[in-house]
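With the hints as extra help, turn the sequences into a complete structure.
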Amino acid sequence: MPLIQVHLDRDTFDHQHEKIGLAIHDAQIAALGIPADDRFQIFTPHDAGELKFDPGYNGVDRRNLIVIRVVAVHMYDVATKRRLFQAVVDRLQPLGIRAEDVLISLTENGFEDWYAGKL
Amino acid sequence: MPLIQVHLDRDTFDHQHEKIGLAIHDAQIAALGIPADDRFQIFTPHDAGELKFDPGYNGVDRRNLIVIRVVAVHMYDVATKRRLFQAVVDRLQPLGIRAEDVLISLTENGFEDWYAGKL
Amino acid sequence: MPLIQVHLDRDTFDHQHEKIGLAIHDAQIAALGIPADDRFQIFTPHDAGELKFDPGYNGVDRRNLIVIRVVAVHMYDVATKRRLFQAVVDRLQPLGIRAEDVLISLTENGFEDWYAGKL
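Protein chains in written order, with our numbering: chain A, 39 to 157; chain B, 39 to 157; chain C, 39 to 157.
Since the hints were derived computationally from the structure, they do not count as laboratory data. Among the clues, some could well be false.
Because identical chains cannot be distinguished in the list, a pair is counted as satisfied if it fits within a single copy or across any two copies.
[Claimed, not checked] Subject to a maximum C-alpha distance of 27 Å in a straight line, what follows is the list of computed DSSO-like cross-link-like pairs (lysine-lysine):
| hint | residue 1 | residue 2 |
| --- | --- | --- |
| 1 | 57 | 156 |
| 2 | 156 | 90 |
| 3 | 90 | 57 |
Next up, the structure:
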């Protein structure tokens, strides 16, 4: 039951939200091994001024910003998390979304912290 | 000081946001025993395409999606969390919001991680 | 790589988002010692009814609500967090944002939970 929240500029959302959603979901299936129907994604398109970032932090040439927040049960090791991040950017790149423009932040909780349609 | 974030479609928001807000808050008071005035809720209405989900994950017949994110201090046991989730869906159902359409995700922090108007 | 999310009413956003963003970022640099270019801020302006709160919780006279969510690596002690909260409200006050109207909630993760433009 990872929950995905994607914050991106409205233009990118309007043109690509279906493909971006599928790309991130496919990355999760590949890297985390979640079931194909375990999909919960919240997209929030942002207008000018709402996404503020520095163009050079971490030594990358950042021109835009797409933030992907993940809430997942505490069960994945560091290597798995890195595989997830790499799988996400690998699948976004063919859509014209540069790896340098991606910020991913993952936070964890427990199995007992979820309700997905039934107890 | 639980912080509640509700992501739902704009139509449901427009017609029911007051009742939904009160229902979730009442569930918190009943299940967690928080003070009646400890209310912080952020609603985000979403337009078409922004909430992406699978209609059958976890063996339920999901037709819509309302996501309720909770940030709360680490102090509630598993039974209390389950009581909260049940209390929320019990109070949303009379508003026409099906239990199957609810996703709740809770994350925890510490007392020292909050500022609520004063130190 | 703290990630900052600011939820505020649309009017305050329209008039002050640049100054608010800089104020919060400057507070982070002063209190946490992060690099000046480590800036990732997501602003979400909210319309009427979307921010629900109690005007008196915690014994303060709350008239408006600005919610600042912080996701940061688990590395700051309690005193540092309090310095951050104080630095934020100290820098927002000259902009006409009352300390009583501020809610800050911080959640933590690990270094391995971030992707910022490269692995």
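Each hint tested on the structure:
1. Taking the shortest Cα distances, residue 57 and residue 156 sit within 27 Å of each other only across copies (22 Å), while inside one copy they are farther apart (29 Å).
2. In this assembly of identical chains, residue 156 and residue 90 lie within 27 Å of each other by CA distance solely across copies; the values are 19 Å between and 38 Å within a copy.
3. In the homo-oligomer, the alpha carbons of residue 90 and residue 57 lie at most 27 Å apart both inside one protomer (24 Å) and across protomers (12 Å), since each shortest distance falls under that limit.
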